[in-house]
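Quick note, the sequences are listed as chains A and B, same order.
For the first sequence, our numbering gives the first residue as 1, with consecutive numbering after it.
For the second sequence, our numbering gives the first residue as 1, with consecutive numbering after it.
If you are wondering where the hints come from, they were derived from the structure by calculation, not from laboratory data.
Since this is a predicted model, take the numbers as computed values, not measurements.
Treat the hints with caution; some may be incorrect.
[Said to hold, decoys possible] Ranges between beta-carbon positions, derived for each pair:
hint, chain 1, residue 1, chain 2, residue 2, range
1, A, L157, B, L19, 19 to 27 Å
2, A, D109, B, L19, 33 to 41 Å
3, B, L19, A, Y156, 35 to 43 Å
4, A, T227, B, A18, 19 to 27 Å
Built from N, CA and C at the ideal position, the CB exists for glycine as well.
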Amino acid sequence: MSEAEMEYVYAVGPGGLALDRTAPVAGVDGGTVRTVGGARGLTALVSAVPADRFAEEHLAPQLEDLERLEAIARAHHAVVDAAFATATVLPMRLATVYRDQTRVAAMLDEQHAYFEELLRTLDGHVELGLKVYAEPRAAAPAEEPEPAGASPGRAYLQRRRAERRRAQDTYGAARDTAEQAAQVASALASARAVHRPQQGEWSAGRGENVANEAYLVPRQHVDRFRTELGALASDLPGVTIEVTGPWAPYSFAGGVAS
Amino acid sequence: MRPANGQGAEPVGQPPVALIDLLDRLLNGGAVLTGDIVLSIADVDLVHINLRAVIRSITGDAPGPAIIPPRAAPSRLEEI
């Protein structure tokens, strides 16, 4: 490896973690994904990245460029997802970069006990995302009845009042649904992580995101999780529940609090 | 040539992952290592804060909270 390259680390898995050679996945910037083994039975998935793009002082500006950030994030996820299809892996945070392969192997050995314990906890589980949205406009009746004989000004005020009431009702229903959903989800999950609600264009079309959570779910409960959560908001106009995943356990790779 | 299932040439199965869902996980989640790391934890947090600013500037959204609270730690549930 030349001086001008560093190692981007995607995930850590058990010893003997193998890459599927029949369906190779490219890493960040098209790099070839390899395994690096530690001395104590753990494996890291890495690819070489150019030092001039990934050195500390050059990385942060790239991550502020949304297109560049997306390219790195999607490449990172593709590698993690491919590995997660065949083994329990611990995904690294975005842009975890080491100077060289020797340092990656040393990290595996230093963190050996911690990784082993986490991998045991996460084994047999997947992460499922749970999001609840409120969209008052979706709760509006198809046709607003015009109050008979009302002046335009009064009709306008009545319409505004009805809209405001509907919005309050919808947000209230969405919050109630989110609480109920958390209970149903928790009963099927081993752990829960709460993310910030998503804002702006990210939730466009679905209304406002009122809950954005992740659950660590045993594989055998995944179908039940989808079915039970999907049924919760089916008859609530303006309230939507979205289940995402299965994901590799990103939200639980920092540990599961006891 | 269309596959026999009539689904077209699109990959069958999961819809593409939404970028925001991915960023929630890659910038808030993932194992954070200590040691010989080039990008420090503080830098990642800084990136995240900057990112939110970028998103806001793109969307022209109403200003979000000035201070972004730390991610709630995953909590172990009652044993089931």
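Status of each hint after checking the structure:
no. : hint                         : in the structure
1   : L157(A) - L19(B): 19 to 27 Å : 41 Å, violated
2   : D109(A) - L19(B): 33 to 41 Å : 35 Å, holds
3   : L19(B) - Y156(A): 35 to 43 Å : 40 Å, holds
4   : T227(A) - A18(B): 19 to 27 Å : 22 Å, holds
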